[in-house]
Structures are given as structure tokens and as C-alpha cells.
Amino acid sequence: MTATNMDDLVSLCKRRGFIFPSNDIYGGMKGLYDFGPMGVELKMNLKNSWWKSIVYERDDVEGLDSTILTSPLVLNHSGHEDTFTDPLVDCRNCKSRWREDQIENGECPSCNSNDLTDSRPFNLMFKTAIGPVDDGTSYAYLRPETAQQIFVNFRNIIDSTSRTPPFGIAQIGKAFRNEITPRNFIFRVREFEQMELEFFVKPGSDDDWHKYWVEKRLEWWSKQGVNSQKLKLLEVKKQELSHYSKATFDIMYEFPHGLEELEGVANRTDFDLGSHTKNQKDFKINSKVKENKDSTTKLAIQDLETKEWFIPFVIEPSAGVERGVLAVLNEAYTVEESNNRTLLKLKSHLSPIKAAIIPLKRNNHDLVNLANKVKSGLQSLGLGRVMVENTGNIGKNYRRHDEIGTPMCLTIDFESLENQSVTIRDRDTMKQERVSLSEIGNYYSNYFKD
0 MTATNMDDLV
10 SLCKRRGFIF
20 PSNDIYGGMK
30 GLYDFGPMGV
40 ELKMNLKNSW
50 WKSIVYERDD
60 VEGLDSTILT
70 SPLVLNHSGH
80 EDTFTDPLVD
90 CRNCKSRWRE
100 DQIENGECPS
110 CNSNDLTDSR
120 PFNLMFKTAI
130 GPVDDGTSYA
140 YLRPETAQQI
150 FVNFRNIIDS
160 TSRTPPFGIA
170 QIGKAFRNEI
180 TPRNFIFRVR
190 EFEQMELEFF
200 VKPGSDDDWH
210 KYWVEKRLEW
220 WSKQGVNSQK
230 LKLLEVKKQE
240 LSHYSKATFD
250 IMYEFPHGLE
260 ELEGVANRTD
270 FDLGSHTKNQ
280 KDFKINSKVK
290 ENKDSTTKLA
300 IQDLETKEWF
310 IPFVIEPSAG
320 VERGVLAVLN
330 EAYTVEESNN
340 RTLLKLKSHL
350 SPIKAAIIPL
360 KRNNHDLVNL
370 ANKVKSGLQS
380 LGLGRVMVEN
390 TGNIGKNYRR
400 HDEIGTPMCL
410 TIDFESLENQ
420 SVTIRDRDTM
430 KQERVSLSEI
440 GNYYSNYFKD
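The sequence shown begins at 0 in numbering that gives the first Met the number 0 and counts up one residue at a time.
Source of the hints: derived by calculation from the structure; they are not laboratory data.
Treat the hints with care, since some could be wrong.
[As the list claims (entries may be wrong)] Straight line, CA to CA, 30 angstroms or less: simulated DSSO-like cross-link-like pairs of lysine-lysine:
#1 K215 / K237
#2 K448 / K395
#3 K229 / K173
#4 K448 / K229
Work out the full structure: start from the sequences and follow the hints.
Here it is, written out as C-alpha cells:
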């Protein structure tokens, strides 16, 4: 059972330390959120799962961590300065502003007035001054996507790793978009993280690789606990494609507010590398690429058999971390009326806390010492965060850890001191079993095996 509405998730996230409105004590800022103690763990676990799947489990992908500040030249030749806009509409009556696609029947969503301005392009990129004097001549953009720094580092990575297509470059990092109307909790925000892979292939093989990566990404989301029946594949219409795209498939998910994009998998052709390369006339490249008069680098590959140079095509799976967290939370959210409890049935590798150690009596020296010893042993296995709950209230601790998705709780009682065993309670079934202290490490490790 998923959440019935967004309010359910928002309430749980604030109550249990997953997500807070940013700058909350000063009234907050729309479209900005902070991840609390539980949220940062969940977010990190989701990113680690993506990195493991994309980089560690493959032999054809390298990683990158590039700067957020981006040269205007990069975003000029990528087409962002000209095309990275949304159509903006103002309501003359209530002074609210909307994206054109939010306007239905010519009425303002806020006050239902028909007195609206014509739509006009609104640039989504944040600009910031560089240097001691803000005279408008020296500036940079906060990157609107992580992809462009991958493309401009293409030659560096080729030269340092001797990679040849097919291969990929992966990056997880912040991106910024000055959204006109941020909405639906963390679904559409102004500061967010992306998990992006740029996979470089020979022209002509791109359609097959595109299908391959769509299937791989659907498979990965299923492993994160997202019900495959709630994922729908939408092929973006030609007239709605981004300026760089030959074809794009959006992986759609049924969020509490409706069916929306969870991840996009685009065939970006040779547009990006072609836009950033020099001597473009030497290559047969996409007609949409603009001539580059600034770059001094040839972002091309030589075929070792034919000795011909070519600019690789790019397949790009791109997912927002925040949207992923929202989907995972929604799928895990469960209300059991028969047991009068709310819980998050998170996949164990995503759970913020992997195990809670609970001494039966608060501040009892012997019980707490044993609890800390058990914690140290489990923590040393490197599977995630383990914590000791020294409150003495077993029932409340069980309920709290149900709500934050902790897979197991280990109770240290006075019997533990006598026979060196603990009671382990399973989150989903609430079943309890007695396990010897000497077997806890194996029990714990086996539980978290894929």
C-alpha cells in the first residue's frame, strides 16, 4: 500500500527526520529542502546503489566529479543559453506566475482569472558573478545538468584511461534550475541532485544501446522496491524532444500527485561532443550542432581498424535523486490498521538504519555496555548505520524504527547477560527469535545479502 496523498509522506518525513523545508525558522524558501538524519542516509544509500550498479558492477564505465560553476562558453555551445527556457505566464489579477503547461482553459490556477499575459521564454539557469567586482562581464552559471562537464572532460578521460566506445562516464552531483513554480514536495525543486550516465557508442549502434539502457534502468528501479507495474514507459513525441535528442523514453511513475517522470533515457546523438569539438567540418555530424569557434579540442575517436575519426553518439540515462527518494518512500509507505502501525517497507540496502540495539532498561550499566559491544561488532561489518536506543521503552522504539524503515531491532535483556543471546524482531512480520551473540554477525550479514 502506497501513500494515499502527498500529505502522508510530508508528515512522516518531517516527524521522523527525513526531509525539512529549508530555512524553515525564517519562513522557508520555496523549492528548497534539507535532508535530515534519516533522509541523508536514505539518499546516500540510493546514490550508492546507483553507483554500484552503474560503475562497480560494470567494466565499461568510469566516474567523474566535476565543478558546479560552469563556463558560459560551455553552456553557449551546448545550446542551453538559447534553449533552456520554460514558457512563463503572468496573471494580471493576482500577480501569480505559472508555466504555460499549468494553465487550463485559459484560467489562472490560483484565482481563476482569464486576465493572463501571453507566454514568454524564461531562462531557467542561475547566473553568479565571478571575481571581486560584479560588473556583468565575468560570470558563470550554476550547472543546470551534470552532463556538460562530462562532455568537456571526454578527452581527459579518454587520454587517462585509454577507453574506446562503447563505454560510459558516470556522475552524481548537484544541479540547479530556477523553476517558475516548484511544487509537489521534493518532486520539482530548484536545487537537486542528478544521477547521470553518458554512454558513448559508435554511430549506427545507438538504437540498440538505447533499448538496452531503458531495460537496465527499469530493472534497477524494480530492485529499489519500486513496483514494476507502477512504472510506465513513455516515448517522447518528436515535437516535444529536447534540442539535442534523437529519441527519448521517459520512465514514468505513479507518484501521489499523479503519473510523472522518474527518469529519462535519451539518445543525444553526437550533438554534445560535436558542439564542443574543433574543426567540425572534418566530421560528418548531426546537422543541429552549431559551429564551435572557441574550443581547441577534438572530441573524437579514431577507429583503429579503418583509421577514420568519428564523434561518438551518446545514450543518457538521467535520474533525479530527490524524485527517486520520493518514489522509494511512496512505495515503502505502509499502514497496517490491524496492528495500528505505520511502517516503511524499504529494501534493506536502502534503510537509513540497518539495525537498532535496544537495552531493556535505560542506563543499566551492564545492558548498555553489551548493547554497545553488539553495535560495534555489527557496525564493523560495514553494511550501514547501526544505533543504540538507550531509552528503555521497547514499544515506542519498535514503532519509531518501523516508521523509519529499520529492518531489525535487537533487544538486550537480562537473559542476554546470562546466556549471551538477544531477541531479534523483524520489521515486516514483527516475528521475534532468539539468536546467540556468537551467531549475530552471520545472521546480520546474511540478512543483507542481495
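Practice task
Check each numbered hint from earlier against the structure, then list the numbers of those it violates in ascending order.
Solution key: none
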